[in-house]
Amino acid sequence: MSSYFLIAGYMIPTLFGLLLVSPFGRSTADSLSSRFEILSTVRGQITAGLQLIVFFGFAVSAQTFWISSKISEGGNFCSASNVFSCDDLLGNNELNVDPLFGFSWGLIGMFVFAFLLFMVLVIKNEPNGQYTERFINLGALITGVGILTIMLLISYEMKEGKICLYCTTAHIANISALVGFLRLRKLYDDNSAWNEKPSK
Amino acid sequence: MKGNLTRDINAGAVGSAALSVTSLFFIAIMIIAFTANPVAIGTNVGQRAPDIEGKAFNGTSWETFDFESYFDPTWEPSNTSAQWVAIEFMDTDCPFCQSSASDYGQWANTYSANNPNWNGPHVNFLASATELSIQGHDSSRAEIQDFRSDNNHNFPYIDDIDQDNMKEWGIPATPTYFLIQPDGIIAWVSDDANDDLEQAIVRLTPQESA
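Protein chains in written order, with our numbering: chain H, 1 to 200; chain E, 1001 to 1210.
It should be emphasised that the hints constitute simulated quantities derived from the structure, not laboratory data.
A portion of the hints provided could be inaccurate.
[Said to hold, decoys possible] Here are a few chain H residues that face chain E, going by a calculated C-beta distance under 10 Å:
| id | residue |
| --- | --- |
| 1 | Ile12 |
| 2 | Pro13 |
| 3 | Phe55 |
| 4 | Phe58 |
| 5 | Ala62 |
| 6 | Ser68 |
| 7 | Ile71 |
| 8 | Gly91 |
| 9 | Leu107 |
| 10 | Ile108 |
| 11 | Phe111 |
| 12 | Phe118 |
| 13 | Leu121 |
| 14 | Ile123 |
| 15 | Glu126 |
[As the list claims (entries may be wrong)] In the BS3-like style, the derived pairs of lysine-lysine whose C-alpha atoms are separated by at most 30 Å in a straight line are:
| id | chain 1 | residue 1 | chain 2 | residue 2 |
| --- | --- | --- | --- | --- |
| 16 | E | Lys1167 | E | Lys1055 |
| 17 | H | Lys162 | E | Lys1055 |
| 18 | E | Lys1167 | H | Lys124 |
Keep in mind that this is a model prediction, so the values were computed, not measured.
The beta carbon of each residue, even a glycine, is placed where N, CA and C say it ideally should be.
Work out the full structure, taking the sequences as your base and the hints as a guide.
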């Protein structure tokens, strides 16, 4: 049961981030803008949502890497007789590493989300900087390639007949980040919307 | 003399973001490193035994072999009654395997919970039968079954004629023996060992009088 609380701790902020980066998050952002000024513009709303998403994507990836390591010690973390048993996937030595180089999927997720977080921070702090357009496109590309990886990992889950909720949270974070980067790219093309000033 | 320094107006944003993310990554890795102690998979002493896959003959039929079912990853050394595993990688046409078969069968009977004279834990004996890439070493499931019955063995023989398990375990020659703890960690390997499997069982497994 405590494992589900932990998953909720990653999942809820990620879903809130998804709400912020989606077009449906405007009213939520407006209601919070008096407290968080960054949410008063669409650009600020999307970058704040992306920050939440990639930070919790990084955190849940670190958690899966930790779980894989603990299981290899001989412990168990979230074994269950039902379909939601992450131990069967994160503890599977053939499935918990990438097929090319043998790196843990959790470690790969940590690197990817850390790099995405770096790019989001640069875009947020220097919205008209020389790296902005490049980082928006690179973010969309990386998270787009991530969709292929997610499809591979879901095929593993189907093969094993188990679902790893930690992995699913990381997958949702990747998809949400893709939505965010695509919306940022569209917004960047509209110069006036991109440079909108926060309302006082 | 004029300096040729250039000024990157974005350097502040990039630098501070890089510093923040690197710090975050470093902290996460440190937490993982200090709270987890992963065990490598391999065939050396202290490593977790790789999986063994395939069909096994149990005396009546060939059934899917479940190697993991022999182990309890949460085993603690204080649990002296937990079952250990001994496995032999062999080839039915290998002369050394043929000559050691009677000893291996004898040990399986001796270090068993069914032997009232043995005061240690039950040791599950297994044999993984391969087909070495040597002329005259052609094998088959029928040959494995015959080898098993000819030597009066009553433990499972795993079909590794395709050498998959042998390659996974990096077996250099047959016969090669392993003694594995109840948690799946390799306790003893016959390669470069000064003692044989029987001596290793007596030395490494907990016994009541010890």
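| request: Using Cβ atoms only, decide whether phenylalanine 58 of chain H comes closer than 10 Å to chain E, and label the hint accordingly. | output: Cβ of phenylalanine 58 of chain H sits 7 Å from chain E, so the hint holds.
| Regarding the hint that glycine 91 of chain H lies at the interface with chain E, is the smallest CB-CB distance below 10 Å? | 8 Å, holds
| said: The hint names serine 68 of chain H as touching chain E; please verify it with the least Cβ-Cβ distance against 10 Å. | reply: 8 Å, holds
| Minimum beta-carbon distance criterion (10 Å), leucine 107 of chain H to chain E | 9 Å, holds
| Minimum Cβ distance from isoleucine 108 of chain H to chain E below 10 Å? | 13 Å, violated
| said: Holds or violated: lysine 1167 of chain E and lysine 1055 of chain E, Cα atoms, limit 30 Å. | reply: Holds. Lysine 1167 of chain E to lysine 1055 of chain E sits at ~17 Å (cutoff 30 Å).
| Minimum beta-carbon distance criterion (10 Å), proline 13 of chain H to chain E | 15 Å, violated
| query | At a threshold of 10 Å, is the proposed contact between glutamate 126 of chain H and chain E supported by beta-carbon distances? | reply | Hint on glutamate 126 of chain H: holds, closest Cβ of chain E at ~4 Å, below 10 Å.
| query | For the pair supplied as a hint, lysine 162 of chain H and lysine 1055 of chain E, is the alpha-carbon distance within the 30 Å limit? | reply | 24 Å, holds
| said: Between the alpha carbons of lysine 1167 of chain E and lysine 124 of chain H, is the straight-line distance 30 Å or under? | reply: 52 Å, violated
| query | Does leucine 121 of chain H meet its interface restraint, that is, does its C-beta lie within less than 10 Å of any C-beta in chain E? | reply | Holds - the Cβ of leucine 121 of chain H comes within 10 Å of chain E, reaching about 4 Å at its closest.
| Once the shortest beta carbon distance from isoleucine 71 of chain H to chain E is found, is it less than 10 Å? | Status holds, d = 8 Å.
Hints 1, 2, 10 and 18 from the list above are not met by this structure, while the remaining hints are.
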